[in-house]
Each structure stands twice: as C-alpha cells, then as structure tokens.
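*Asks:* Sequence:
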Amino acid sequence: MPTNKKDIVGTVVGVTKPSEFYFTITPGRVQLQDLVAVDAFKIDSTGENQKDTFRVWAKVVEIERINPLFPEEAAQELSFQGISAFDTVISLSREMITAKCSVLGKESDSAKIEPLTYPLQPASSVYIAPKEDVEKVITGDLESHRKLHLGHLRSRSEFAVYVDAHAIVARHLAILAATGAGKTVATRRVIEELFKQKYPVLIFDSHADYIGLQNVFPEKVVIYNPTIDLVQEENDSIIDFVSALSGESVEGPQADFLNRMIESLKNQVVRDALRQLSNRIGGQSLPELDLSAKHFWALMGLGQLLLYKLKQDTQNWPTTHQPWLAQNAPQLATFDSRIVGPLIRKCNRAGKQFYAMQKANRALSSKLKTKPLPSGENSKELISLDHISIVNFEGYSDEIRRGLVASILGQLIEDRIDDNIPRFLTVVEESHNFIPSRMEGEKDVPSLPVIRRIATEGRKYGMGLILISQRPYRVDPTILSQCNS
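For the sequence shown, the working numbering begins at 133 and goes up steadily by one.
Hints were generated in silico from the structure; no laboratory data involved. By construction, the Cβ of each residue, glycine as well, lies at the ideal position given by its N, Cα and C atoms. One thing to keep in mind: the hints can contain errors.
What the hints assert, rightly or not - Simulated restraints on C-beta separations:
| no. | residue 1 | residue 2 | range |
| --- | --- | --- | --- |
| 1 | 164 | 367 | 51 to 61 Å |
| 2 | 449 | 411 | 27 to 37 Å |
| 3 | 617 | 349 | 18 to 28 Å |
| 4 | 517 | 196 | 52 to 62 Å |
| 5 | 498 | 289 | 20 to 30 Å |
| 6 | 451 | 381 | 33 to 43 Å |
| 7 | 501 | 196 | 53 to 63 Å |
| 8 | 495 | 379 | 21 to 31 Å |
| 9 | 257 | 198 | 18 to 28 Å |
| 10 | 257 | 277 | 35 to 45 Å |
Said to hold, decoys possible - Straight-line Cα separation of at most 20 Å, DMTMM-like style, residue types lysine to aspartate or glutamate; simulated pairs:
| no. | residue 1 | residue 2 |
| --- | --- | --- |
| 11 | 232 | 139 |
| 12 | 592 | 296 |
| 13 | 191 | 139 |
| 14 | 315 | 546 |
| 15 | 279 | 267 |
| 16 | 592 | 546 |
| 17 | 279 | 265 |
| 18 | 484 | 361 |
| 19 | 491 | 513 |
| 20 | 426 | 366 |
| 21 | 191 | 275 |
| 22 | 503 | 513 |
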C-alpha cells in the first residue's frame with residue numbers, strides 16, 4: 133500500500149487513459165525506463181472520490197523536452213547568423229520536460245498488480261516509491277531462498293532485480309535475443325546465483341563462452357573435453373558419425389556391413405582373434421583394431437585387413453582365410469569388395485576429421501584444468517552438489533555435439549529416475565542446433581527427442597533447462613512452448 137514518504141518527481145498533466153498518462157518532470161529526477169508510482173482515490177458508483185487510495189505503477193517510456201520561450205523562428209534565425217543561443221539574451225531556463233508513462237497496473241489490497249480500469253486524475257503527484265516496494269513489484273513476493281539476484285535497474289542501480297529460482301530450475305527458461313544482446317552474460321549470472329545455492333548445473337558450451345567460470349570458482353567448476361568412446365556408442369550412432377564426418381552417406385549394404393564390422397570390434401574374443409590373424413599375416417602396418425583408442429581408424433584398419441590382406445590374397449582366400457573367418461568371425465566371412473572399399477575411404481575421412489576436431493578442442497583448452505568426458509554409466513560424475521560441469525564443444529561439428537548431448541542426457545534421465553544423482557539444471561547454448569524445428573528440414577537429430585522429453589517431463593524428474601538461441605524461429609516449437617519464462 134502507499135506510504136507517506138514520497139519522493140515526488142512530477143505531476144500528471146493532459147489527457148489520461150487506463151493504459152497511459154503524461155506528467156511534467158522535476159528536472160533531472162526521472163530517466164527513461166524508470167518505474168514510478170501515483171496514488172489514486174477509489175471511485176464510488178456516483179463517480180466521487182472516496183477516502184481510500186491505491187497505488188498505480190507505471191514505466192517511463194518516453195521523455196520530451198521543450199522550451200516554449202524559444203520558438204523555431206528564433207532558432208532558424210540564429211542558425212542563419214551562426215550564433216549560439218547561449219550567447220544571446222533569450223531565456224533558456226523555462227523548459228518543460230514531459231514524460232510518457234505506460235501503466236503497469238494498480239496495487240491491490242493483497243499487494244498483487246491488477247489491470248487499471250479507470251484513468252488517473254490529472255494533477256496527481258508522481259513519485260519514486262521506496263526501494264523495497266519497487267523491488268517487490270519487479271520480483272514479486274518471493275521467499276529469500278527462491279531469489280536469484282540477476283542485476284539492477286539500468287536507470288537506478290540501487291534497485292536490485294531478482295528472478296524466481298523455482299521458475300528456472302523446474303519450469304524451464306528460454307533466453308532468446310540477437311547476437312550481442314547479453315544472452316550469455318545473463319545466463320552466467322543465473323548460473324553463478326544458482327551455484328551460491330549449491331544447485332548442480334551442466335553446461336553444453338558450443339563456443340567456450342563459459343569456461344571463464346573456472347577462474348571465478350576454480351575448485352568447483354570442472355571443464356570436460358569431449359571424446360567418443362565407440363565401444364559405448366550405439367551402432368546406429370557410429371554409422372551416423374561416419375556419414376556426417378566423412379561427408380558421404382552410409383546406407384543400405386554399406387550400413388549393414390559397417391554394422392557387422394562394429395559388432396566384431398566390440399566383441400573382445402573376435403577382436404583378439406582378428407589381431408592375432410593380422411600379426412600372423414604381416415598386418416602390423418594397419419591401424420590397431422581398438423575402437424576406444426583408434427576410433428574410426430580402427431574400422432578402417434579392419435576393412436583394410438579384410439580386403440587387402442585377406443581377400444586380395446587370392447591363393448589363400450578360399451582355402452585358408454575365408455574358412456578361418458567363418459569359424460572365428462562368421463559375420464565377416466562373406467562380403468563384397470565394392471562395399472568394403474568405399475567404407476575404408478569413409479572411415480579414413482571420418483578419422484581424420486575427428487582427429488582434427490579433437491586437436492582444435494584440446495588446443496583451445498590447453499591452459500585450463502580439464503578432464504575427459506565420462507560416458508555411459510559414468511555420466512553421473514557430471515552431476516554433483518556444489519559443482520558446475522562444462523562440456524566444451526569448441527571445435528566439434530554439430531553432428532558430434534548432437535550425438536554426445538543425446539548420449540549424456542539420455543543416461544542422466546535414467547540416473548534421475550533411479551535417484552542416483554541430485555536434481556540439476558542443463559544449459560544448452562546455440563539450442564537451435566540441438567533442437568531444430570521441422571522447417572529446418574533436418575531428420576534424425578538424436579538430441580531432439582531427448583531434450584523434448586526433458587522439456588515435457590523434466591519437472592517430475594527434477595531436470596530443468598535453459599535454452600539459449602539467437603534464432604528462435606529455428607527452435608522446435610514444442611520444446612519452446614514448455615519454457616514458462
């Protein structure tokens with residue numbers, strides 16, 4: 133309710149409306165975007181003022197300044213003569229400064245803001261309300277443990293701005309603005325405030341925008357360098373990686389045989405047998421058949437072993453090599469050279485591309501304290517109270533990023549359901565790349581269904597989202613509609 137201590141800064145003038153009004157300003161007392169208040173009398177059914185008053189809140193949206201004693205004709209003449217008005221006897225002290233205000237609403241008896249349905253009375257005093265009242269209007273009546281200090285009003289730094297922590301961690305938040313508008317700065321502020329509450333945060337950082345948090349909280353911020361453990365990845369995901377990294381499609385018979393190659397290298401008994409065969413026939417020059425260490429080059433090495441060392445040995449292929457494969461690796465005993473040859477090329481390209489991405493990522497983070505990104509069931513290490521985990525995707529392609537996000541969040545959902553990890557917040561930078569809308573024409577984006585599940589069901593799992601994008605039209609509308617802020 134209104135207080136007797138009023139810092140009056142002007143008087144309502146002219147025509148007033150329930151949505152807007154004008155007031156003359158005490159010079160230097162009001163700035164653009166200021167929040168101001170006016171006390172208005174309640175009106176009875178006869179149109180008469182009652183004794184009771186209520187407070188109306190408004191925001192200054194325009195400020196005009198005019199000197200009625202300095203007409204345009206005088207200004208034009210001074211311009212022709214090249215004379216400054218300050219060097220003349222013309223009065224410049226009787227200026228009129230008027231502000232236009234947009235009405236936010238009236239303060240009810242329960243301290244809630246309701247729509248104003250009747251215009252203000254001209255000649256009413258406009259004032260700056262006390263600090264605690266202004267902050268309450270901006271933030272609402274929040275308990276102290278739910279307040280996150282976001283910043284201050286631009287025009288009045290003494291007025292703090294808070295946001296509701298519960299609305300962010302439970303109901304999801306979308307930060308949508310043009311490049312350079314301050315999306316990352318605002319997000320970092322939210323993260324820092326949540327950290328003070330010891331709330332776990334996981335950040336998927338596409339361009340190393342958040343690694344500076346490690347300088348602020350050196351013992352509590354962990355930066356992870358991504359890698360792909362092909363042993364842990366689904367076969368379909370590996371095939372998608374080969375296709376994306378090589379720039380060539382892998383489908384039909386090629387996808388089928390590549391799937392068989394992957395299964396062979398994931399099977400330790402088959403892999404050990406293939407290694408022994410390779411060593412026996414002089415295949416030491418081929419890449420090591422280890423998916424964890426050599427990634428896509430291990431698949432290339434297996435293809436080279438099958439095609440160049442075994443099948444092209446026409447003398448021993450039908451009598452020795454093929455029977456050996458039929459006994460030890462039956463899924464590889466029959467293949468078409470026209471399929472394996474292109475697969476060798478594509479796996480080689482994928483390996484080179486992935487190696488270049490890894491090299492760029494590690495070069496950028498060489499001066500930081502980093503850890504390898506855990507995968508599979510070990511992903512739960514990313515979430516712990518009083519810690520911030522940053523997955524630094526700098527240098528990696530969208531395809532790799534999407535696959536890793538899908539893998540990590542998919543596992544963390546299961547960990548939350550089993551109550552193996554605490555509630556946490558996930559920050560997704562450049563979210564339009566991970567959850568593209570249908571109009572983008574992208575199919576089978578692995579991160580899309582996982583993030584959509586969190587957006588629609590995350591509240592019951594205790595998983596919140598902050599989605600950041602400068603291209604909201606490219607973001608999946610179903611997911612965006614689940615963001616309450």
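*Asks:* Which hints from the list above does the structure break, by number from lowest to highest?
*Replies:* Hints 2, 5, 14, 19 and 21 not satisfied by this model.
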